[in-house]
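The task is simple: from the sequences and hints, build the whole structure.
Chains as they are written, first to last, in our numbering: chain A, 1 to 227; chain B, 228 to 454; chain C, 455 to 681; chain D, 682 to 908; chain E, 909 to 1135; chain F, 1136 to 1362; chain G, 1363 to 1589; chain H, 1590 to 1816.
Don't read these hints as lab results, they were simulated from the structure.
Possibly wrong hints are sitting among the right ones.
[To be verified] Quick list of the computed label-pair ranges, beta carbon to beta carbon:
#1 H:L1602 - B:L297: 20 to 30 Å
#2 A:A67 - F:L1205: 26 to 36 Å
#3 F:R1215 - E:P1004: 43 to 53 Å
#4 C:A518 - H:Q1733: 32 to 42 Å
#5 C:E582 - H:V1600: 50 to 60 Å
#6 H:S1660 - D:S752: 47 to 57 Å
#7 B:A291 - D:N807: 34 to 44 Å
#8 F:S1206 - C:G490: 57 to 67 Å
#9 H:L1602 - B:A291: 24 to 34 Å
Ideal Cβ placement from N, Cα and C applies to all residues, glycine included.
Protein chains: 8
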Amino acid sequence: MPSHLEDAATVDLGFARIDLTRKHRCGFPEVIYAEGKAVDGLIQIVSTLHTAGQGCLATRVNEAQSAALLSTFPHAVQERIGRTFWLPSSNQPSPPTGNIIVVTAGTADLPVAHEALATAQAMGINTELIADVGVAGLHRLLAQLDRLRQADVLIVVAGMEGALPSVVAGLVSVPVIAVPTSVGYGASYQGIAALLGMLNSCASGVAVVNIDNGFGAACIASKINHL
Amino acid sequence: MPSHLEDAATVDLGFARIDLTRKHRCGFPEVIYAEGKAVDGLIQIVSTLHTAGQGCLATRVNEAQSAALLSTFPHAVQERIGRTFWLPSSNQPSPPTGNIIVVTAGTADLPVAHEALATAQAMGINTELIADVGVAGLHRLLAQLDRLRQADVLIVVAGMEGALPSVVAGLVSVPVIAVPTSVGYGASYQGIAALLGMLNSCASGVAVVNIDNGFGAACIASKINHL
Amino acid sequence: MPSHLEDAATVDLGFARIDLTRKHRCGFPEVIYAEGKAVDGLIQIVSTLHTAGQGCLATRVNEAQSAALLSTFPHAVQERIGRTFWLPSSNQPSPPTGNIIVVTAGTADLPVAHEALATAQAMGINTELIADVGVAGLHRLLAQLDRLRQADVLIVVAGMEGALPSVVAGLVSVPVIAVPTSVGYGASYQGIAALLGMLNSCASGVAVVNIDNGFGAACIASKINHL
Amino acid sequence: MPSHLEDAATVDLGFARIDLTRKHRCGFPEVIYAEGKAVDGLIQIVSTLHTAGQGCLATRVNEAQSAALLSTFPHAVQERIGRTFWLPSSNQPSPPTGNIIVVTAGTADLPVAHEALATAQAMGINTELIADVGVAGLHRLLAQLDRLRQADVLIVVAGMEGALPSVVAGLVSVPVIAVPTSVGYGASYQGIAALLGMLNSCASGVAVVNIDNGFGAACIASKINHL
Amino acid sequence: MPSHLEDAATVDLGFARIDLTRKHRCGFPEVIYAEGKAVDGLIQIVSTLHTAGQGCLATRVNEAQSAALLSTFPHAVQERIGRTFWLPSSNQPSPPTGNIIVVTAGTADLPVAHEALATAQAMGINTELIADVGVAGLHRLLAQLDRLRQADVLIVVAGMEGALPSVVAGLVSVPVIAVPTSVGYGASYQGIAALLGMLNSCASGVAVVNIDNGFGAACIASKINHL
Amino acid sequence: MPSHLEDAATVDLGFARIDLTRKHRCGFPEVIYAEGKAVDGLIQIVSTLHTAGQGCLATRVNEAQSAALLSTFPHAVQERIGRTFWLPSSNQPSPPTGNIIVVTAGTADLPVAHEALATAQAMGINTELIADVGVAGLHRLLAQLDRLRQADVLIVVAGMEGALPSVVAGLVSVPVIAVPTSVGYGASYQGIAALLGMLNSCASGVAVVNIDNGFGAACIASKINHL
Amino acid sequence: MPSHLEDAATVDLGFARIDLTRKHRCGFPEVIYAEGKAVDGLIQIVSTLHTAGQGCLATRVNEAQSAALLSTFPHAVQERIGRTFWLPSSNQPSPPTGNIIVVTAGTADLPVAHEALATAQAMGINTELIADVGVAGLHRLLAQLDRLRQADVLIVVAGMEGALPSVVAGLVSVPVIAVPTSVGYGASYQGIAALLGMLNSCASGVAVVNIDNGFGAACIASKINHL
Amino acid sequence: MPSHLEDAATVDLGFARIDLTRKHRCGFPEVIYAEGKAVDGLIQIVSTLHTAGQGCLATRVNEAQSAALLSTFPHAVQERIGRTFWLPSSNQPSPPTGNIIVVTAGTADLPVAHEALATAQAMGINTELIADVGVAGLHRLLAQLDRLRQADVLIVVAGMEGALPSVVAGLVSVPVIAVPTSVGYGASYQGIAALLGMLNSCASGVAVVNIDNGFGAACIASKINHL
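Set out below in structure tokens:
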């Protein structure tokens, strides 16, 4: 049995069992998915991680959770559009490295893009945003081609038909992480159309994460960047 | 009651009821969907239409049907890749008009494209084919832009993620009829991915027909062209 | 590279990248999908287009957006049932041309029909509405047959089983753009039943747009009409 | 406990348990769904019912089963298109009563229609067939309106978009049993489009059976007719 | 053209086209689906039908609509659980005939059952209700067997797995109209489980209407009863 | 006919038909699914069961129902997180037996776990909870392995990809009842991802109940425990 | 780390990694899913398990695999209808214990039932089969009630609407493992209708395994039986 | 316009338009998806790429295509299990770099794994295979943990419930590309269960490609490796 598992420390809060070796095993501490969590429990989990000297990222933080967390942890960083909360560890952070560019097809994809940006920043990566370059006006994308080619990883966020990752991946040699969004109506089925489109990309070098999962895209992009 | 309905002539073959006023009402005679039809019945229907002085188009004609039809109607035109059969009426045809361009994303989309081409030709339209200009190699499409802009209607045929109609419609001012194909595997679900993608096109001016329905795309394109 | 792409002008608002050559490339300026957009951003986008001398159409405009837009742009035209906003360019408009008829199966389909009507009018087309002629009372439709046959394009809007486009397309020679609506309950699945019905129309000459997409139907109809 | 259940007789063949009181309880003996049944077992079941003095209907009978059954029971009636087998009881049959009309949208719907016709005939009902009157050529249907209105029950069989039952039910006052068929391709999804269409009929007085279930339609139609 | 269609009278209210010959053609006047209709329009439609001497049934009437309608038409009959409104014609009604029994699997199916009961009563049929006899306690159903067998038609309403129509149809010889309801959670998918179950009933003599469509079940049951 | 069915007692409340022999037949009295039930009816049903000397369990009890029930039956036990209500019969209860452990993948699965715990306790079983041991931090699960192996039955509750039951079942020899939850977003489709995952478990010895059905899992686990 | 994992023995065949401690951990050796496996590989895996002194069960064995296996292992037991292969370990088997009854709704469900029977027998359990007692002829089931109540566990196998497990579970106090089968056509969707029905059973005490998974049902039933 | 697009060379074969700058833009030449392509066309495309001095990879090559290609290009490398064909360019290849490990849950996932291995090798990457370490026997995986942690990228291939990528990603800090396979039956729906499971992974750092898309996984893994 590898030693990482044997000495694994957890803190049992009764309703939650905090994994304190996640950072050691996987490169980043356990992240809190705040959706539907009670404010009290949320604060307990954040405190536990913080006390253990780990940075603490929470995603899908709503207004009430956000207010409560900020009043308890006034030094935390909140991203309102992306609904993230980030309380860095008290250790001196390393300067950011690498270069992840987040690209969106439309304006309505911005909340997902900002979740990705905040996540990657918490993970110590340099980020850029290129918004609203969807395929209906192709010249907007082509004008950004030189920037796109200088990224280490591209996160491409799109709803509706989700065609942007295919077009981008046909123009660059860097890996593309595609994020379908629930933007659209009718037969977009809350992101199914975009998800299926991205899974069937005719351009190679594309991998896909869950609908609206800006966080997940940034996680794998950061792991790639830390190689 | 409009007179077209009152004097409507049909021929009742028992198993089929041939609509002889379809051409008068809708601009083109009844078309035969050959899938699963017995060879004998097929020949009876073709004969009925031909005797009534109408052109007769059949689609989805398999090898056996094709051989039998051709031996009975040696003057008919068969399109092997698109699996169509066309027996013109004995009247002197008008010279073709207009200009429909059929565009495909890949090589595997060609059978559907050829069904569209043969249908439009039977309907008296000039046609062109631009094959294999999918978005994974965008320059292939951009190199054809001047030709695309000179069409009256574009029929854009694509499988997998079906992104091509969105990209094309963002570059031209002519109407785009999008045809999803069942090309792909896994999460393409025999054309669902492409169909949903096309229905959710972020570019405006796109309408969609059934999966693999090259015939239907040519029908509406021809009606547009005859305006 | 065609010159249209090279000299393409965009205005980068940070959260949105306005495509000022859309009208040149595609025949009509960029249209705003207002769903979920902040009022401030909306006003910025409308101003940008208006300042550039372009007409500005917005769809899916809610009450709050509508009030804010109208107080900023008092000369704009609002369509309450169809939830559209239209700010014409300051150029003298050409007189409307052509003839698009929008047909609905039922009363509940009217919001989608009005989105189509307002869009087509903004695009400079003459329009008519024939409401509530669904197939449960066929004589209502047959009584309108002469009008239907004089249109250049028909937009047929229906929910539930979506049978109306098939019936109409079997009676006329003009192209039919079918719009499924989310009207219905239970196994209508917010418009899937109508959408699938229309994609499988046994009458030829029908193409389909997304569920509730009156805007999209009017776009392609207008492109057809401008041929 | 009602006496019908207490004295219920069954014959246990090991692999099958024949229900000899079905006719008493439900008005018609147990019917054999032949799909995938071994020829030997099939013959045993038919013999058991016949010996018990009951008529025996089998559906979905394939070529091999058909040949074997006919050689064992030479007096049986086979319907090739509808794939049914009917061995009447040796009792003198009552003369048929009532009037069920089976209507089809197209030629490809005929196998399902013939399954319905053979079933209703076995159940002692007079039947008629009106084939190929789909909505793409509405005059074909309207020409049959007087006949349709004289039926006791209508069975309306259609694939593709399945619009015919809605149109028929809007024209008559008799009950309509709708049968979706798997005729079509692409987004017809083996009959889903027609099934959903029929369940969402805007005309009232329509009830639906399973896809391709001509047998089931005839069962309920016959029960209605025996009232 | 049959004369019924030629002299068909409609009243065009602009937003609605009232079909005044529906009763003549189909046996009952046009029925109003109130969902989402404005109160003003609703009152106009009811008035139009009433003025024409026809009974007027509305379904899916919400609280606000209900209050407004009742204050305008104080003689109307409202069914709160089933959400129906019924304004009889001023003609002397015939005494009710026949016997439709509505059976429910559970208590939560009652709103759908009451829609069916009110509809059948408006159509002039005698009705009975047998509630909460689902298959989890089979003796509750078996105790009602004699009553069930004396009905002319059974309407069987069930959610969750929707097994009740199969069990009932195996015990009786009268036709069974099955109504799936959206009662359930998780993998019931708002009635899909029950709908699919009923379409695949192993007992014959079952036909199905849309999910929660008590109205539709009563329509066809009434047509059967009027035979 | 077995005697249990013949002498079966029910109480007919009009809107509900209480099954008083459920405990005798199935081992536990009828349980009330409170979702959508009126408070008055709920109290009537509870009273009927209580008067008959039976314990009464209700699930999915909302705040208002909960308050009303507790004021009427002050001795009842309420579980707020699991939303259950339990009024024991006045008979002296037997001491609890057996050992069911409920395991959750995450914190958000706790409401479903508590429904299972309260149900099993009402059925007279000893229970334990092991929360938040999902597969992203495997050591949390492995640290509990000895406890898991001493259970009689394991109820494993998980949302998202629902991998936990497979991993657990590969480590123990006791039966595993898997409960998918609606925890997740995007392509989790309210629990479909977890449900399909559990149905396709590569480890044997897993059976599955409906999404979020903690009650159902405890029912079968208790039946297993009472063997 | 628990010792069971540390000393876990595996045999690496390159293409397969045989788990020799499965029996120790989970109570029964690793079972081979033969679908699509090459005959050579199959024989290697069986030999590996047999040499290690373990019994070896294979499921979904086709004709060719079956012949090859039997010629190599002439003492194995093959079940043709259920398509299983069973090579007992050379140790003296314990006499079978317990009592699992497998119940089927129809004749076509027998292959799945036989897979369950052979699996349970290999696991050392006494088994019985009650075939063809579906709900269309309820008396067939009620006549078996006393037997059903004496089982330790019931495995209930049904296709089409899958109603049988609900009806059975409402009559007995033993746990019911429900197996949906792919028997049916049209809207049965290869077992989805039955699967959804069983997941939504209104009777409590039912858990479900994958479609056609007789093996999986027997696994959990055997684990229950070994408690 | 970036110069890469302006000077882009294509070869137009009529039925296919070979993209000769794919390698320059995206890092690897155009790859041929052989499914359904005629042998003649396939050879023409391979020749075109080879003549242009590019390596040529084809996937999904069937037996007939394979034989024809090998007789024309005897120096090519064929991978039978993974169905790939690889004709290196005549240039001296660089020595392979990096380290991609392909991990499978079961034996049946091997064809997809071999497609990934062959693709990555063609792209110049060192590869390893760890087969059959699915979660039903967790110790098999844990025994490989040290190897897994030394990879640059992991490609994790699994069918059925697809749990393996979640478990692996919770144990390592390298990026995980998850490949769902169509291995399974019943409710696995040809890979949907695994696909949804992987998209909803509770462990972060996972991105997903299409079902059975070993090629696509290797493409993005190689792009990551070339960073």
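Hints, one by one, checked against the model:
no.: 1; hint: H:L1602 - B:L297: 20 to 30 Å; result: holds (29 Å)
no.: 2; hint: A:A67 - F:L1205: 26 to 36 Å; result: holds (32 Å)
no.: 3; hint: F:R1215 - E:P1004: 43 to 53 Å; result: holds (50 Å)
no.: 4; hint: C:A518 - H:Q1733: 32 to 42 Å; result: violated (58 Å)
no.: 5; hint: C:E582 - H:V1600: 50 to 60 Å; result: holds (52 Å)
no.: 6; hint: H:S1660 - D:S752: 47 to 57 Å; result: holds (52 Å)
no.: 7; hint: B:A291 - D:N807: 34 to 44 Å; result: holds (38 Å)
no.: 8; hint: F:S1206 - C:G490: 57 to 67 Å; result: violated (44 Å)
no.: 9; hint: H:L1602 - B:A291: 24 to 34 Å; result: holds (31 Å)
The structure fails hints 4 and 8 (numbered hints given earlier, in ascending order).
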